[in-house]
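J.: Here are the chains, one letter per residue:
2 protein chains.
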Amino acid sequence: MKISDLPTPCLILDRARLLHNIDAMAEILARHAIPLRPHMKTAKSIDVARLALAGQPGGITVSTLAEAEYFSAHGITDILLAVGITEKKLEQVGKLNAAGGEIMVITDDIGIAGIIADHPTPPRALIEIDTGEARGGVAPEDPALLAIGEKLGARLAGVMTHAGQSYAGRSPVEIAAIAEAERAGCVRAAQRLREAGHACAIVSVGSSPTARHAAGFQGVTEIRAGVYMFGDLFQAEIGTHAVHDIALTVLASVIGNRIDAKGAGRMLIDAGALALSKDRSTEAAPKDYGYGLVLDIAGQRAFGDACVGRAYQEHGVIEFSGDLFDIPIGGHVRIAPNHACLTAAAHDRYFVVEGDEVIAVWPRVNGW
Amino acid sequence: MKISDLPTPCLILDRARLLHNIDAMAEILARHAIPLRPHMKTAKSIDVARLALAGQPGGITVSTLAEAEYFSAHGITDILLAVGITEKKLEQVGKLNAAGGEIMVITDDIGIAGIIADHPTPPRALIEIDTGEARGGVAPEDPALLAIGEKLGARLAGVMTHAGQSYAGRSPVEIAAIAEAERAGCVRAAQRLREAGHACAIVSVGSSPTARHAAGFQGVTEIRAGVYMFGDLFQAEIGTHAVHDIALTVLASVIGNRIDAKGAGRMLIDAGALALSKDRSTEAAPKDYGYGLVLDIAGQRAFGDACVGRAYQEHGVIEFSGDLFDIPIGGHVRIAPNHACLTAAAHDRYFVVEGDEVIAVWPRVNGW
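Line by line, the protein sequences give chains G and U.
Residue 278 in this note's numbering sits at position 278 of the first sequence, and the numbers go up by one each step.
Residue 25 in this note's numbering sits at position 25 of the second sequence, and the numbers go up by one each step.
Isolated chain G (complex conformation):
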């Protein structure tokens, strides 16, 4: 089957680019001699997980219980559920662990730490550290850190942080500084816990940009990163990879194409807000790609900087001048996304391609 035979809109995953991105990250982390616990929240696919785990210890990171259940069922047991746990979700984690999983949870709350410790089948837990993102987590110097560690007792497995503020970085130097704050803050939290007599085996940090640009990871035991596998326009803008490394695109059919008397063109495609997502990450980046960059059916940048400028539920609108798009109705384009995690989540499967050949269909585990 060829790409041009696929129903539209659909998700295309370029296997060669995917492997390139996975290899590039593995190589960077190998230079630092630090292992990777790939974050599967972007790909949500066992097929992608297996590629990302090549040469790594075998543990993964997930963002939902649905992912935890799916990957457990596919034989991956060492899982970090990296969103603050609640009492109710502990029940499901308990069931999955009773069935052979080794799911770890995170918390920054002393009440939840007590509930974990008192649970009949308590999971191992990491304390979430805030190293500047101001989302979840306790600060490395917060007195609450030691109280939570005390409460978790034998269930304390370590500390983790995510310097999400790296997405606001705009140069390798800036991102390296954020990576250093991420590393130093997390290592400092581990040090305080250890000085208070607690074992703190895991010191887990990461985001794709900080993994890519950190000067070093002294004291860190593992890196978490996910979007690097696919890449997207926003990550390209902040220097995680190049635009031509983006492995994930949306295949769309042209459903309208006209040029008015003044030479103003308007091409409609059948990929709109649902197929592309309404993520506008690149709005804050040096270059704003609207709702995505238009590529040709081969995934090449054949139309310069042309973007999807408007996105209705099932219509994308590409405005252009002159005869840029000589594509008939029913012809194809591919759209590179602003934010791969959100675009992929609108689809239930990947059509994996090598050149113009569809070589596999890989399912995704969406929802919660």
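Keep in mind that a hint or two might mislead.
Since the list gives no way to pick out one identical chain from another, each pair is judged satisfied if it fits inside one copy or across any two copies.
As the list claims (entries may be wrong) - Subject to a maximum C-alpha distance of 25 Å in a straight line, what follows is the list of computed SDA-like cross-link-like pairs (lysine to any residue):
{"no.": "1", "residue 1": "Lys95", "residue 2": "Val173"}
{"no.": "2", "residue 1": "Lys287", "residue 2": "Phe303"}
{"no.": "3", "residue 1": "Lys2", "residue 2": "Leu65"}
{"no.": "4", "residue 1": "Lys88", "residue 2": "Asp356"}
{"no.": "5", "residue 1": "Lys2", "residue 2": "Glu87"}
Please keep in mind that the hints were generated in silico from the structure rather than gathered at the bench.
With chain G's structure known, arrange chain U on it following the hints.
T.: Using the frame of chain G, we list chain U on its own:
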């Protein structure tokens, strides 16, 4: 089962508000003595379709082939697929029609009109008219209109338009003017086709705002509208309904809640960009609700104008002052969405509630 027993994040559909919204629209259109062909792109649910069809002729509008197939399989045969058709998609329409469907398609292209007419099992087709939105469609006075009608020949079933520019209206008066342009343009196109000797039985117009605020529908044969069933913050801002009419919310659990020494609070919930969508429709409205308005577990506006201000993949962040949110970790809130169509599409089912009781689970047909 109670709302508080549900897994989070999930989609809550308030049955009483849904019925109120459906009744309100039916009443408005009954006053105009005009039938409704409800647009199922928002709800994508047979259970909702049955309610919306009460007292109506029985035809629906859809936005995807997946919807067309699903509703056909559930016994709704009169379907208008209201996104410009391609040759490839005609094949699937042909199959569904061969199995008993009566799916109609739309086009604004003479090439596609020819392909429809020459098809071995051609569907009936409506010509898409542009009445000011500048998306798809031919202008009412465009010479191409008659050429397309000629090409479609016996397959021509009528004309249709969607005045999507009504979303830019900010008062009932403005929207009524847009509704009149929508009506007049579509009726004019039908008149031109009839004058040229073509039958043009269907004159189909609509959007929820224009259906709500039009002064009249002379010459129109049916209205299409969809989002009115659920409502959302954007539709409330443009006067389609009130905020307290919004029937669709996302149930979320609190996963973090802290107030710093200065009284600045930050509450995290487990509904982020995936569960809420990144739609920011109200950014352009009089009141900007961020990524959604925070309601209590009963769906009441207990927290003033508090909104989800930041949305990460699985985290929503609500910033507040003082002691507004005295909700423990694991406690619940409900988030009213910017744009119901996009928020609903992130979920595969509705938990239908009456008061705090979950009375049904209704599936959705997502994807393409």
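J.: For every hint, state whether the structure bears it out.
T.: How the hints compare with the structure:
When the C-alpha separation of Lys95 and Val173 is checked against a cutoff of 25 Å, the pair qualifies neither within a copy, at 45 Å, nor between copies, at 58 Å. Taking identical chains as interchangeable, the C-alpha atoms of Lys287 and Phe303 lie at most 25 Å apart only when both belong to the same chain, with a minimum of 16 Å there against 38 Å between chains. Taking the shortest alpha-carbon separations for Lys2 and Leu65, only the inter-copy value of 21 Å comes in at or below 25 Å, while the best intra-copy value is 35 Å. In the homo-oligomer, the alpha carbons of Lys88 and Asp356 lie at most 25 Å apart only across protomers (18 Å), although the nearest pairing inside one protomer, at 46 Å, exceeds that limit.
Proximity of Lys2 and Glu87 under a CA criterion of 25 Å is satisfied inter-copy only: 17 Å between copies versus 48 Å inside one chain copy.
Going down the numbered hints, you'll see the structure goes against just number 1.
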